[in-house]
Amino acid sequence: MSFLFGGGRPQPSSAEKIAAAETEIEMVSDMFNRLVSSCTKKCLPPTYAEADLNKGESVCLDRCVSKFFDVNVKVSEKMQGEAGQRQGGAAGGGGGGMFGM
Amino acid sequence: MSFLFGGGRPQPSSAEKIAAAETEIEMVSDMFNRLVSSCTKKCLPPTYAEADLNKGESVCLDRCVSKFFDVNVKVSEKMQGEAGQRQGGAAGGGGGGMFGM
Amino acid sequence: MSFLFGGGRPQPSSAEKIAAAETEIEMVSDMFNRLVSSCTKKCLPPTYAEADLNKGESVCLDRCVSKFFDVNVKVSEKMQGEAGQRQGGAAGGGGGGMFGM
Amino acid sequence: MDGLNASEQRELAGRMEKKQMKEFMTMYSNLVQRCFDDCVTDFSSKSLLSREEGCVMRCVDKFLKGSERLGQRFQEQNAAMAQSGQLPGR
Amino acid sequence: MDGLNASEQRELAGRMEKKQMKEFMTMYSNLVQRCFDDCVTDFSSKSLLSREEGCVMRCVDKFLKGSERLGQRFQEQNAAMAQSGQLPGR
Amino acid sequence: MDGLNASEQRELAGRMEKKQMKEFMTMYSNLVQRCFDDCVTDFSSKSLLSREEGCVMRCVDKFLKGSERLGQRFQEQNAAMAQSGQLPGR
Numbered sequence: 001m002s003f004l005f006g007g008g009r010p011q012p013s014s015a016e017k018i019a020a021a022e023t024e025i026e027m028v029s030d031m032f033n034r035l036v037s038s039c040t041k042k043c044l045p046p047t048y049a050e051a052d053l054n055k056g057e058s059v060c061l062d063r064c065v066s067k068f069f070d071v072n073v074k075v076s077e078k079m080q081g082e083a084g085q086r087q088g089g090a091a092g093g094g095g096g097g098m099f100g101m
Numbered sequence: 001m002s003f004l005f006g007g008g009r010p011q012p013s014s015a016e017k018i019a020a021a022e023t024e025i026e027m028v029s030d031m032f033n034r035l036v037s038s039c040t041k042k043c044l045p046p047t048y049a050e051a052d053l054n055k056g057e058s059v060c061l062d063r064c065v066s067k068f069f070d071v072n073v074k075v076s077e078k079m080q081g082e083a084g085q086r087q088g089g090a091a092g093g094g095g096g097g098m099f100g101m
Numbered sequence: 001m002s003f004l005f006g007g008g009r010p011q012p013s014s015a016e017k018i019a020a021a022e023t024e025i026e027m028v029s030d031m032f033n034r035l036v037s038s039c040t041k042k043c044l045p046p047t048y049a050e051a052d053l054n055k056g057e058s059v060c061l062d063r064c065v066s067k068f069f070d071v072n073v074k075v076s077e078k079m080q081g082e083a084g085q086r087q088g089g090a091a092g093g094g095g096g097g098m099f100g101m
Numbered sequence: 001m002d003g004l005n006a007s008e009q010r011e012l013a014g015r016m017e018k019k020q021m022k023e024f025m026t027m028y029s030n031l032v033q034r035c036f037d038d039c040v041t042d043f044s045s046k047s048l049l050s051r052e053e054g055c056v057m058r059c060v061d062k063f064l065k066g067s068e069r070l071g072q073r074f075q076e077q078n079a080a081m082a083q084s085g086q087l088p089g090r
Numbered sequence: 001m002d003g004l005n006a007s008e009q010r011e012l013a014g015r016m017e018k019k020q021m022k023e024f025m026t027m028y029s030n031l032v033q034r035c036f037d038d039c040v041t042d043f044s045s046k047s048l049l050s051r052e053e054g055c056v057m058r059c060v061d062k063f064l065k066g067s068e069r070l071g072q073r074f075q076e077q078n079a080a081m082a083q084s085g086q087l088p089g090r
Numbered sequence: 001m002d003g004l005n006a007s008e009q010r011e012l013a014g015r016m017e018k019k020q021m022k023e024f025m026t027m028y029s030n031l032v033q034r035c036f037d038d039c040v041t042d043f044s045s046k047s048l049l050s051r052e053e054g055c056v057m058r059c060v061d062k063f064l065k066g067s068e069r070l071g072q073r074f075q076e077q078n079a080a081m082a083q084s085g086q087l088p089g090r
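Chains as they are written, first to last, in full-length UniProt numbering: chain R, 1 to 101; chain V, 1 to 101; chain A, 1 to 101; chain W, 1 to 90; chain X, 1 to 90; chain Y, 1 to 90.
Since the hints were derived computationally from the structure, they do not count as laboratory data.
All residues carry an ideal CB built from backbone N, CA and C; glycine is no exception.
Hints may be right or wrong, so weigh each one.
[Stated by the list, open to error] Sample of chain A residues facing chain Y (criterion: CB under 8 Å; computed from the structure):
#	residue
1	Ser29
2	Met31
3	Arg34
4	Arg63
5	Cys64
6	Ser66
Take the sequences, apply the hints, and build the full model.
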């Protein structure tokens with residue numbers, strides 16, 4: 001998820017670097033928790049007839065991770081694109097509103 | 001949401017004032033996040049046939065904010081009323097139990 | 001929930017003891033919040049025809065707490081058993097994956 | 001918590017006060033969201049309908065009473081479990 | 001917040017910056033999870049189907065526009081409530 | 001994370017330890033709540049029915065195995081993405 005922290009600031013201090021690494025780890029960890037929540041809901045039926053993952057469930061989980069990453073990339077690209085567009089001048093109709101809170 | 005912090009304490013220190021302001025901002029921010037979650041679920045159907053908000057969705061969102069505030073006010077008044085009643089002596093049957101944890 | 005903090009470390013410092021107590025309180029508080037969320041969903045129908053808890057709802061809430069604790073104990077025993085097994089050598093097929101994050 | 005001396009307990013109590021404030025806030029927000037979600041379903045008007053308002057009031061009452069009851073049972077069970085030593089603590 | 005002097009406001013602003021970063025992260029993660037949950041339902045393939053991708057793009061757009069609109073209304077209401085003094089503040 | 005020197009990495013590791021403890025707690029609580037919600041639906045008795053207990057045990061097993069599998073895939077994908085440089089990192 002490190003792509004979210006666009007670069008360019010000169011020479012961060014120790015405290016800043018540690019804080020940035022901490023934020024990155026929190027972000028990855030939060031994403032993983034959400035992925036677990038979403039993918040177990042989508043792939044593991046809540047009846048729990050057996051303790052083991054069966055073939056179908058295992059394959060579903062693998063694909064779920066793959067698609068979750070795809071969505072993450074798409075959303076990230078879209079938001080960076082819009083941020084760029086806005087900085088460039090032609091502020092699009094949507095977006096941004098929630099960050100100004 | 002500042003109405004939740006009933007006044008009357010004399011001369012808070014700098015640290016206390018900053019902490020109170022911080023708590024208030026967190027509270028407002030938490031409320032906004034919940035409002036976004038509830039109102040988008042109530043007003044935006046999960047099919048996403050089009051990227052723009054249509055007229056019906058926009059109006060629904062506006063009314064949703066208005067009703068969310070109404071509920072907030074009602075709940076706040078009710079809880080302040082009960083807190084007052086309890087202090088006054090005639091402790092009502094319910095409430096309070098969850099705060100003593 | 002103190003059973004989760006298996007003992008054996010020698011002479012913790014003041015700061016460590018306070019941190020451990022803090023963690024324990026947070027854990028109990030988190031558990032209680034989840035119990036409230038689950039049990040009110042299972043026992044209080046969302047129509048709110050009356051303001052008071054009726055007999056059926058009250059009994060349901062009492063049993064819900066009891067069963068929630070039972071599940072907590074079962075899950076805790078199971079995970080301690082597996083942790084022991086793994087340390088003992090014969091690492092079972094599952095578990096553990098989520099803690100290495 | 002019983003392994004702490006008086007000064008440690010004071011330190012802990014100080015930290016807990018802030019957390020309790022936050023805990024209360026979370027409970028309050030949960031209550032607002034829960035009763036809003038369950039009671040407000042009509043967006044053909046801008047203001048609360050009287051039946052929605054009635055539902056919200058009963059919802060708050062019922063939820064507070066339910067939480068209080070759950071809190072009592074929770075503490076009883078917690079105390080019983082600690083005493084029985086069924087699950088070895090520290 | 002208006003009871004703070006300049007130095008206190010600076011201190012608060014510093015703390016808020018970190019929180020805003022976190023707030024943004026939470027919003028971003030919510031967006032990813034929400035659009036994933038609503039749009040991706042087929043696990044017979046490893047990659048996003050084009051209809052799923054289209055759905056995700058529209059979902060992001062709609063959700064951002066919705067959040068922006070909600071943010072505007074929220075601030076208006078908040079300001080109106082503070083002014084009217086309907087609920088006594090500090 | 002690779003921009004940190006040894007002392008910075010130690011500092012970070014210390015902070016991470018506390019977070020990992022919390023992370024584990026959250027996972028544990030999620031597991032309890034999830035399996036409770038899915039398996040316990042009968043409140044005509046005070047104690048767990050044997051079918052509910054069986055369901056809880058299988059639920060825990062399945063959920064842990066599922067989380068482990070998800071964790072492996074997640075790390076693989078994360079590593080692949082960092083390497084490919086598809087998305088410019090630091």
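Do the hints match the structure? See the list:
1. Interface hint at Ser29 of chain A: violated, since its Cβ lies 11 Å from the closest Cβ of chain Y, which is beyond the 8 Å cut-off.
2. A least Cβ separation of about 6 Å between Met31 of chain A and chain Y falls short of the 8 Å threshold, and the interface hint therefore holds.
3. The restraint placing Arg34 of chain A at the interface with chain Y holds, with a minimum CB-CB distance near 5 Å, inside the 8 Å limit.
4. At a threshold of 8 Å, the smallest CB-CB gap from Arg63 of chain A to chain Y is about 5 Å, leaving the interface hint in force.
5. Satisfaction of the interface hint for Cys64 of chain A is found here, the shortest Cβ-Cβ separation to chain Y being roughly 6 Å, below the 8 Å cut-off.
6. At its closest, the beta carbon of Ser66 of chain A sits 5 Å from a beta carbon of chain Y; the interface hint therefore holds under the 8 Å criterion.
The structure does not agree with numbered hint 1 stated previously, though it agrees with all others.
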